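Residue numbers (full-length UniProt numbering), protein chains in the order written: chain G, 1 to 345; chain U, 1 to 326.
A hint or two may mislead.
To be verified - Non-contacting residues of chain U with respect to chain G, defined by C-beta distances greater than 12 Å in every case (computed):
| # | residue |
| --- | --- |
| 1 | LEU21 |
| 2 | ASP65 |
| 3 | VAL168 |
| 4 | ILE224 |
| 5 | LYS230 |
| 6 | VAL267 |
| 7 | ASP289 |
| 8 | THR299 |
| 9 | THR304 |
To be verified - Sample of chain U residues facing chain G (criterion: CB under 8 Å; computed from the structure):
| # | residue |
| --- | --- |
| 10 | LEU56 |
| 11 | PRO59 |
| 12 | ALA261 |
In case anyone wonders, no lab produced these hints; they're calculated from the structure.
All of these numbers come straight from a predicted model, not from anything done at the bench.
Ideal Cβ placement from N, Cα and C applies to all residues, glycine included.
Letter by letter, the chains look like this.
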Amino acid sequence: MLTFTIRRLVLAVPTLLFISFAIFMLLQLAPGDPMAQVPLTVPPEVKQQMREALGLGQPPLVQYWKWLVQVLWIEPKILIDWLTQDSWLLGWLPDTNLYQNELRVISWQTRSPVMDIVIQRIPQTLWVVALAYVVGVLIAIPIGVYSAYRQYSVFDQAGTFVTMIGFSIPPFFTGPLLIVIFSVQLGWLPSIYDTTHVVNDWASFKIQLQQMIMPVMVLALQTTAQISRYMRASMLDNLNMDYVRTARAKGMSEAVVVTVHVLRNSMIPVITVIALGVPSIFGGAIITENVFKVNGIGQLLITALFANDLPMVMTLTFIFAFLIVAFNLIADILYGVLDPRIRYD
Amino acid sequence: MTEPATTDPQAIAALQDKGPLAPPRSQWLDIWDQLKRHKGAMIGGFFLIFITLAVLVGPYIWTLDPQKLDIRNKDLRPIYTAIWDSTAKTAWGHPFGTDNLGRDQLAQMLAGGRASMAVGWAAMLLSLLIGTAVGVAAGFFRRLDGPLMRLTDLFLSLPILPLLLVAVTLFRQPLRANFGPEGGMFVLIVTIIGITSWMPTARIVRGDILTLKEREFILAARSIGTTSWKTITRHLLPNVLSPIMVSATLGLATAIITESALSFLGVGFPSDFPTWGKMLADAVPRMVDFPERVILPGTAISLTVLAVNYLGDGLRDALDPRMRGR
Chain G
1 MLTFTIRRLV LAVPTLLFIS FAIFMLLQLA PGDPMAQVPL TVPPEVKQQM REALGLGQPP
61 LVQYWKWLVQ VLWIEPKILI DWLTQDSWLL GWLPDTNLYQ NELRVISWQT RSPVMDIVIQ
121 RIPQTLWVVA LAYVVGVLIA IPIGVYSAYR QYSVFDQAGT FVTMIGFSIP PFFTGPLLIV
181 IFSVQLGWLP SIYDTTHVVN DWASFKIQLQ QMIMPVMVLA LQTTAQISRY MRASMLDNLN
241 MDYVRTARAK GMSEAVVVTV HVLRNSMIPV ITVIALGVPS IFGGAIITEN VFKVNGIGQL
301 LITALFANDL PMVMTLTFIF AFLIVAFNLI ADILYGVLDP RIRYD
Chain U
1 MTEPATTDPQ AIAALQDKGP LAPPRSQWLD IWDQLKRHKG AMIGGFFLIF ITLAVLVGPY
61 IWTLDPQKLD IRNKDLRPIY TAIWDSTAKT AWGHPFGTDN LGRDQLAQML AGGRASMAVG
121 WAAMLLSLLI GTAVGVAAGF FRRLDGPLMR LTDLFLSLPI LPLLLVAVTL FRQPLRANFG
181 PEGGMFVLIV TIIGITSWMP TARIVRGDIL TLKEREFILA ARSIGTTSWK TITRHLLPNV
241 LSPIMVSATL GLATAIITES ALSFLGVGFP SDFPTWGKML ADAVPRMVDF PERVILPGTA
301 ISLTVLAVNY LGDGLRDALD PRMRGR
């Protein structure tokens with residue numbers, strides 16, 4: 001198992017490098033010019049100097065190498081510095097002072113380090129996306145279990161229908177629909193996610209909950225649809241197994257048979273599906289964040305794209321790719337850990 | 001003296017068939033019978049045919065130009081709002097109402113549906129073509145298997161939606177210059193959706209080809225000297241048709257949703273070219289006063305995708321021989 005893990009880890013590195021290289025080369029084709037907004041009175045040679053100051057004078061390969069060094073070497077140094085200085089977790093360690101004012105990845109929009117902006121935006125995305133995923137999984141598993149246990153019952157048919165709807169209605173339709181119903185007609189929930197809202201007592205916590213309900217539900221509908229489908233199929237596979245009959249023959253109660261014997265075995269493939277779905281929900285969050293005006297990383301990507309802010313786009317896309325590769329790896333390893341029959345060595 | 005054995009036709013009467021033999025049944029007839037029993041698939045299929053016909057023939061019946069501005073008749077409500085709100089501005093000339101520039105909503109829905117369906121079908125066909133080609137090549141030629149499957153894994157770990165956004169914003173200008181504003185966007189969106197969604201098809205086809213390749217009929221075909229190309233087209237492809245059809249339905253659904261998502265985010269077709277996603281996105285700022293402008297295109301997208309998904313579900317059951325006859 002350990003060799004398998006190491007082999008997969010080693011394979012993941014060239015995959016990520018290749019993806020980042022492909023995205024970088026794609027962005028090299030971009031027609032936009034960061035100097036387009038500079039007034040025409042600025043002479044061309046000064047413009048050229050400004051361009052070189054942004055690191056644009058060199059050949060693409062050198063630029064790519066510099067970006068790689070900045071993201072994979074300098075940014076971790078800053079992270080370690082922050083961990084040993086300010087964080088409560090490792091703050092007791094001596095200061096490392098690894099960062100010696102090297103050039104970081106600079107956003108063309110704000111002229112500040114890209115990573116700083118990303119770090120500011122990530123909590124909003126994580127709150128909405130992670131909570132939505134947890135809620136979706138928590139709803140999906142009981143639905144899947146019960147509709148498999150009562151296959152072809154009314155509940156199962158209704159569950160299948162709701163799942164189909166969850167698959168078919170895109171988030172950019174459910175979002176506005178929920179806003180019209182709950183914010184406009186009923187006036188219960190705010191339609192815009194207020195990021196500056198500070199939670200310090202019960203009243204503000206309630207407001208925070210209210211503004212999170214709709215984005216979380218929109219994202220959770222899609223998660224629920226997928227995972228309850230897998231849960232149902234996996235339960236159906238296991239319910240006809242011999243060990244279930246044995247358990248019943250031993251005189252165990254139905255509740256024990258279903259929740260202990262069948263559920264635990266059926267969870268194995270479902271857990272890998274859950275792990276594989278994490279990155280895709282980040283992708284879906286781009287649309288949901290746009291609908292509810294959550295200023296997370298998805299919204300950051302859209303604004304950066306429209307503003308032609310290539311370093312930001314590059315770094316964000318790389319983060320998305322990294323998430324996908326990482327969670328694929330986690331899913332593979334989890335499968336081996338949970339099911340000892342499937343060890344790849 | 002023994003009598004010669006008389007061949008009496010009545011002697012074996014008990015062995016004769018009582019009724020006429022059932023006519024031989026083909027595989028596709030069985031599949032059709034199974035599909036007919038899946039209610040969702042039938043409704044979905046008919047709805048899909050209805051929508052396709054509506055967007056194809058509709059503009060010839062409802063001949064109003066979707067681009068025509070009629071500023072005097074702007075902001076008309078759909079005809080059905082008159083049922084509960086007698087003061088609403090409605091007109092029989094515009095059954096679905098008009099938008100804030102006075103463009104007829106019914107004509108826009110038909111034109112938008114045409115664009116959405118065209119993008120969906122074209123992107124689905126392209127992704128099927130790539131997926132099948134990669135899957136067949138990887139499954140049939142052992143030497144290509146490793147590299148092609150690594151390529152598939154690589155594509156699967158690409159962040160699709162961010163990449164779509166990046167590619168559309170980057171290549172919009174050059175393609176518009178070459179193919180015109182609408183044609184350029186069509187080519188771009190179809191290509192991009194096609195080359196980012198072929199991976200599941202490739203994996204399924206490869207798996208099926210790998211098992212089929214070991215069967216006797218392929219060995220027989222090879223032993224009489226059939227070339228690789230002929231083996232693939234004559235013997236292998238017809239046998240992997242069913243998984244391809246199932247992934248075609250899924251691909252159509254994803255392609256329609258992806259196109260609408262791109263239009264919704266504002267990177268799709270040009271602003272005067274209606275698609276369902278674009279109509280929805282344009283209507284969101286004023287959805288408080290005119291909710292129908294969000295609901296009509298949104299319902300159209302959702303119902304089409306729902307119909308395609310149900311059809312795919314039924315097809316999967318019908319094409320699975322283990323399910324047949326139940």
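Numbered hints the structure breaks, given as an ascending list
3, 6, 7, 8, 9, 10 and 11
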